[in-house]
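Engineer: Here is what each chain is made of, one letter per residue.
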Amino acid sequence: MRRLRRGSTMSGLDGWTETLTRSLASRTSRRSVLGGLVGWLLGATALPLLPVVRGQAAEAQGQAAEAQGQAKEAVNDPTACAYWRYCAIDGYLCACCGGSQTTCPPGTSMSPITWIGTCLNPADGVRYVVSYNDCCGKSSCGRCYCNRNEDDTPLFQPGRANDYNWCSGDSQANIPYHCSTSRIVGSAE
Amino acid sequence: MKRALAGGVLAGAALVAGSAAGYSPEVNYALQCRGCHSENGAGERGRVPSVRRALARLSRTEAGRTRLVHLPGIAQADLSDEDLAALLNWMLRTLNDEPVSHLKPYTAVEIGARRATRLP
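Chains as they are written, first to last, in the numbering used here: chain U, 1 to 189; chain A, 190 to 309.
Treat each hint with caution, since some may be false.
As the list claims (entries may be wrong) - Partner residues aside, some chain U positions facing chain A, computed with beta carbon under 7 angstroms: (1) P112; (2) I113; (3) T114; (4) W115; (5) I116; (6) V129; (7) G159; (8) A188.
What the hints contain is simulated information worked out from the structure, not anything from laboratory work. C-beta atoms are modelled at their ideal positions from N, C-alpha and C, and glycine is treated no differently.
So here's chain U without its partners, still in its complex pose (with noise of 0.2 angstroms):
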């Protein structure tokens, strides 16, 4: 290749590789690049389990599960995200979870802490205070999954934001996040 396109672009090319090649091999021994090989398949099988990539993961799993819920469109069906109690609803709905849109399931307790909003019902017109009591003592439920956050803050306004874990604090210390219920409360008008 050199003797035949001698000074062109190629034989360049070629030299400069084999002049790379040549001192990477008068200075490295096969152990070195075998342990720097071994490093790198050991650091890129643990990548996984670092705590952001699951996260992702758990993210994707989420819109995965959001997707099912809204593609139920139902004012009136307690497990679709569409469902007029569930307006600024944000996490899974208990009524997908083994309980209901008011209760817990089986082996949860409902945090008294809470995030309260208002919601209208298409049906009378009228504006009602929902609460929104999350269920916990289980892992995430991961069924039907809604974001909907009407009048929601963001969390430098905390007085009235939702994206709190209301399962955290005293009583309910490291108790997971199962799912969320939205229970009238009352009427705002």
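Guided by the hints, dock chain A onto chain U, whose structure is given.
Structural biologist: Same frame as chain U, now just chain A:
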């Protein structure tokens, strides 16, 4: 009538801004306080303080009344001076275990002045 008129004009803006304007003190308590302080104001032992005695006790002194409107939950609540005054008076009547007959009710003017006062 005036209230109804204002409500009609502001309805569109309120829907967009999610403002608490126009709600009764009871509904404002539900939206701004009840989630943590619970339905009767007793809170939850070890997690959320009760308002049933603290509110009246703070309301007895000048320093206490100023401190009250600067408490995080109250300072960050999306309430006008009028709505906050009405809410506090409603809570003193409804969610309270202390004698309050001698207490001066809150007014919008007082709330505005105390909100503008920096804590020492």
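Engineer: For each hint, tell me whether it holds in the structure or not.
Structural biologist: Now the hints, each set against the structure:
1. A distance limit of 7 angstroms between C-beta atoms decides the matter here; for U/P112 the minimum to chain A is near 6 angstroms, and the interface restraint holds.
2. A distance limit of 7 angstroms between C-beta atoms decides the matter here; for U/I113 the minimum to chain A is near 6 angstroms, and the interface restraint holds.
3. Using the Cβ-Cβ criterion of 7 angstroms, the hint placing U/T114 at the interface with chain A is satisfied: the shortest such distance is roughly 5 angstroms.
4. Against a cut-off of 7 angstroms between C-beta atoms, the interface hint on U/W115 holds, since the closest Cβ of chain A lies about 5 angstroms away.
5. About 5 angstroms separates the beta-carbon of U/I116 from the nearest beta-carbon of chain A, less than 7 angstroms, and the hint is met.
6. For U/V129, the suggested interface contact is upheld, since its CB lies about 5 angstroms from the closest CB of chain A, less than 7 angstroms.
7. At about 4 angstroms, the closest approach between the beta carbon of U/G159 and any beta carbon in chain A falls short of 7 angstroms, and the interface hint on this residue holds.
8. Interface hint status for U/A188: upheld, as the beta-carbon distance to the closest one in chain A is roughly 5 angstroms, under 7 angstroms.
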